[in-house]
Structures are given as structure tokens and as C-alpha cells.
Amino acid sequence: MSSNSGAAALKESGSFRAWLIKPNVQKWLVIITFAIVPVILLLLFIYYPIGKMVEFSLYNMSYTKVKGFVGLKNYIDIFAKPELFQTFRVSLYYMVGAIVQIALALYFATILSFKTKFTGVYKAAMFFPYLVNGIALGFIFKFFYTRGYVLDTVLTAFGIPLESLPYWLRDQSINNWSLVATSLWKYMGQNMVLFSGAIMSVDPTLYEAASIDGANKWHQFRYIILPSISTVLTLNVILSITGSLSAFEPPYVITSMGGNGTATYFIKMHETAHTLHKVGLASAMAVVLITIIILCTIIQKLVFKYAFRNSGTDSAKTKMKRKQFSKGVN
Amino acid sequence: MKRFLGILLSLLLVCSAFSFASAEGADVPAFDSFELGKDYTDLTAKIKWLTHRTDLVDNGAITQYVAEFNKVYPNITVEVEGITDFAQESLIRLTGSDDWGDVMGIPAVELSELSTYFAPYGTLEAMKDTYNFIDNKQFEGVVYGVPTTGNANGIVYNKAVFAAAGITELPKTPDQFIAALQAIKDKTDAIPLYTNYAAGWTMGAWDSYLPASVGDADFSNNNFLHAKDPFSATTDGTGPYAVYKILYDATAKGLIEDDYTTTDWEGCKPMINNGQIGCMVLGSWAFSQMRDAVGGEHPEDVGYMPFPVTAPDGKQYAPSGADYCYGINCKVDASRQTAAMVFVKWMTYESNFAYNEGGIPIVKTGNYPDLYSSFGDCDFLVQNVAAEGEDSLKDEMNAESTLMIDNGGNEKVQKIVEHGFNGDMSFDDIMNSWNELWSDAQESLGVAVR
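Read top to bottom, the protein sequences are chains A and B. Using this note's numbering, read the first sequence as starting at 1 and increasing by one per residue. Using this note's numbering, read the second sequence as starting at 1001 and increasing by one per residue.
Everything labelled a hint here was simulated from the structure, so no lab data went into it. Keep in mind that a hint or two might mislead.
To be verified - Partner residues are not named here, just some residues of chain A that face chain B (Cβ under 10 angstroms, in silico):
| no. | residue |
| --- | --- |
| 1 | L169 |
| 2 | G261 |
| 3 | K278 |
All C-beta atoms in this analysis are idealised placements derived from N, C-alpha and C, irrespective of residue type, glycine included.
Can you build the whole structure from these sequences, using the hints too?
Okay, here's the thing in C-alpha cells:
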């Protein structure tokens, strides 16, 4: 009896092993074992909380108390209360800033990709602000913009009288620009490093060939560099624009939680959740923000697809040519 | 994360080590049943005190108090631990272990839960005539917390600046106050009123002066919640309207700092000390910080005055309340509870702690510090707790109206400064919008309006 069952078990385990070492099963096993940890982490720490947030957004609740299911009322409130939705107007400043930032980053990256002295030093100097903690940076700029402090001192040294200088943070017509400038200062270096990484991957012989054909630096930029880095450019624009929708640190630190008309949507969300303890409404605001960011990303993808359609085929052609060229050489 | 792990581990250790310690509690004396210096002088115990005053731990003042205490009670060893993030940390310690120590400032524990954690001092009936603010931590007539000190809300001002501006009598009404600020602007180089706009919480602090404008002990937690349009305009300088109007008018007339968006909290301390600032609207706790400011050369010039509003009954009030209250751990053995009781009584009667901190004395016969010398005909006004069943009504009204009165509503007061400066919204319009928010909240919460 016992020997029988033992044999059966042996046979069973044998067939199990045989099943186990089938190539198809092995493939799936490897996929599952490798993927299971990151997938669980992803589900547990990203999708589960997002799901919870969507659930919260349908309730009237504080941190300690659920006051009842309200359906879509929170979403209606967001669009009905002008003071919440209006904050997206402030985000426009940051979007304009993002475009300037990308243009500058592209400019510096291109210049530094040509033969320049001390390239490393310049790159390091421009990248450095990105490494500074955003809160610390806020405090630096708070003093930077204070009346009669750093910026004013520098400008008066150039002969501009203090009386004709604006109050950088008090004047509501320019204080958002002051804040955008700090964010530009911080993130420009990072964009530049990404661009110059992409530019470095361009085959340098192309420049040579181009200059032999009589192309100047602008032509080189327009017809060689720009098409080759279009992917990185798209990525940078998407990151900057979505980043500008969720701008938080500059108004939070420099203008004391978005005072004086500098409150961004993110600041309002923070305030709704942590000062007013309206967790349901704040969750709904977060869901709306995510939706808007996804929409923006899709729109940009489409726009870039359209904008780079010509140059895109261009680059495909050049790539093909390049391939043929290199084959020919070999 | 490391710190959190550390706390967790230490909590686990403490829990496992003392899980067998049981509360006896039977023969712990009531607060008023023994005499300091005579009873329990031979008691030997080791107790631990958790305090939020890390500044006093760091500068050695607390060690001084304990040393004085040990002169009378040499066998009671007091270990002191200062906690920076006290409000949250103390709650974790309290709920995490039965043996967190012996004495702590009672954190945000619901009143009905006090008896679970803290030993009773006596009945409210027996103690209320002897001590100020003693009803702060009581439940059903039993007192579970004795205040460390009491705070009052007035205005910190510089006496020399006021004198130089020719102000001989302290202003009592908003009009007199604005005139005084104007005089400071005209006759001195000082900033008349420093708002501390940028610090944020200093703006929300304006809410704590509302009771002074009505002179009603049932205002903040009761009548205010049921009031119809509490921010409506008044012409006699009373009511919440008058309190915020001071700020609006001062801003509109250029009587505040030049660039309010870049005010500096640490920097304002030596400035008022040295006469660069006329006055600031801050609670009495701020007085000693301004007086002892690093870089301040004229500590004798820093003064404290009542808030310049007069209630409808013609009197001036200083809204006041208890600071943290000492709570005694009721889950440790009786000898330690007794030692803690002795220590709290000694701190209350003998240490002079409240006086040294510029606070209102806890023992009614105690001395008021000099800073209250100008409070002669001004009454201290303590707000009663909410009516039964309305414990959380104020929180709900605050959240619903988004005004967050007395609860971090900094933004709305900052807006007063902004509108006052830019002139893009009149003060009456601001107050009307607040009234609207308040009524809407009352309506959606179904609050009876009286």
C-alpha cells in the first residue's frame, strides 16, 4: 500500500518535473518569477492607491471620518467653485516658462556640443541647480527677491535706481513670473543634460559632411540635430508641461503657500486636503489633475507627430542613407 | 524611517518589559490633600517627564527647576525628555505603551478618554476657586490636567517707539490704534505694525482676538457657530468686523512693512527689540522671545498691551487660555504616581514656572508677571467648551466654510492684507463674502441660526 502510493507519488512528481521543464512552461515561469515582484509593487503602491483615491473622491470625508457617499458632487464642486479651477490660470505662467526653458536648454546643449572650451564646467554649473533641494532653493530665492537684497543689490550696481525696481513678490502683475524664473533656473540644466546626451549620439561625420556641402551651424542644427533628437525633445516638452501643471514648491515656499495670487492648482489641492481636511474633494481634484495631464500628453503626442511628420520622414530617409553609406564603406 | 523604526523598537521593548506592571492607583493622594515640603519628603521614586519645551531643556532651565525640586525631595529622581514634535509624538507614546513615563503635557486626547490615561487630581468643584484654567482638561467634573501656564492674547509693542510717537495712553479702540500707528509712521522711522504676513500662521493668529471684540465667554465654541452673519459691519468698533478691519485699514494706509511678502519671522525679534518695529499682533507667549531676542539691545523696551478693541459692554478683554496641562500616568504603580503628583504640585506652587514664562499664574493668588502691568482694567476672558453634542461642530463649520477660524485659516487673513494693499476689494465686500460662506456652511450642516 505504502510502496504503491510512494511509486504513484514518484510517478506524479516525475510527470510534474517533465511538465516543469517543458520550454513553453519554462518561458512562462521565468517571465512570471521576474515580473511578479515589480508587478506586485506597482499594483500595491501605484494602482491600488490610485483606485482608493478615485473611491475617496466619491465621498464626503475627512481623515478621521467618512461623512457619506456623495457621488459626483465633489467633481461638480471643482468646476462650480471658480476659485479652485481658476488656479489653472497660474499654470499658464509655468507653461510659458516651460517653453522658454526648453528653448534655452536646447540652445545651450547645441552650443556646448560644438567645440567649446570648458564644456564640462559649463554643463556642471548649469546642472547644479537641479541637485539643490526644492525647499532649500525656495528659501534662497525668498531672500533673493526680498526688497533691497540680492537681486536689487545687483541691479542697483548696474545703475538702476532702487525706486524704479518693482517689488518682485508683492506686485501681483509680476510675482508669478518671479516664481517661474526660479523653476526655470532649476530645471533648465536637467533638460540641457538630456539634450546634450541625445546630441552626442549624433554621428559627428554628418557635421563634417554637411559643412563640406556648405551647411552653416544653423543648417546643421535644423537638419541634423533637431531631427535626431525629436524623441528626447518630445519627452522633455511633455515632462515640462505636465510638470508646470503640478507646480508646487516655488509658491509653497517662496510666497508662503501660494499667497498673493500665486496659488497653483496643486497648492489648492494641498490646502483642501491638509488645512480644510476635505479629503474627498482633494481626491477629486487629484483625479481631475491626472486626467488633464493625460489629456495634455495625448494632445502633445499628436501635435508632435504632426509637426515632425516632414522632418520625421526626413530623418528616416537620412537614417536609411546612413545605413547604405556605412554598408558601402564596409 | 530610521527614527520611526527606533521608536517602534523602543516601544516594543518597553511594552514587553512592563506588560506585567499593573496599576494599583488606590492610595495616590489628591492634588490638594497634602502639603509641599512636609508630606512625602522621604518618598523614593524615579519619574520621567516628557515636555514640549525643548528650548528650556537645551538652555538648562529645566535642570535648574529639577535641582530646586530635589532640594526638598532629594529621593525623587526626575528624568526629563524634551520632544520637538510633541503634539504627534506624545500621542504615539501615550497610546503605544503603558509606561511612557510619568508626567506629560496632555496632547489631543478626547476629554472622555482622559481617565483611561491620566490620574485624577480632584474634583472641579473643589479646585476651580483655587486655580485658573483648571477646567481645561476635565471630564464629568473630575480634573485630569493642571495647566503649566496660561497665555493671554494682546499686542507686543515697543515702549520707546510709542513714547517717541507721543502716545501717552495705550489705544483702546480700533480708531485710537490706527491713529497711534499713523503717529508712529509720521514721527519715527519704525514700521508701525509688522504683519509677519509671510510666516502664515502669524496671520491666522488674528482669529484668537475675536472673543475680545464681543466679550462673551460662550463665543468661540458656541454662539459664534450659531450666529447669523457674524462678520457684519459694526460702527462702534466692536465685533469680529472691527478686529479684521484694523488689519485692512493699517494696510490700506501704508502703516505696515514695505514689502509684506518677504517678512522674516526670526528677523522680526531683534527688530522690535531695537525699536525698528512699533508693534506686532501676537500672543503673550511671544513676549519673552521678543524680549530675549539674539541681537536685541533694548529688552526693557519690549512691552505687552491689550488688543485695542472694546466689547459692547464697554470693557476691554484679553482672550486667554491654558497652555499644555500636566497629566500623570495612571498606569504605573502608586509610589510613582504619588511622586509625580508631588512634582506637579511643586511645579505649580514653588517653581515660578508660569511667572518666568510670562504667563498668567495657575494658582489664583500667584503673581502676574510685569508684562501684564498695562492690563489693569482689562479682564482675562476664557472661552467655554462647546455645548454637549457639539464637540465637533466648530471643526465641521470651519471645513465647510473654508474659513478655518482658530484653526490654521491663514490664507483668508493674508487676503485681507492683499486686498487692503491692492485696493481691489473693499473691506465690507470681504466680510460679506465671509458671511456668505458662513451662512452656506450653516445651511448645509443644518445648524440652528439664533
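Hint by hint, which ones does this structure get wrong, listed from lowest number up?
Every hint satisfied by this model.
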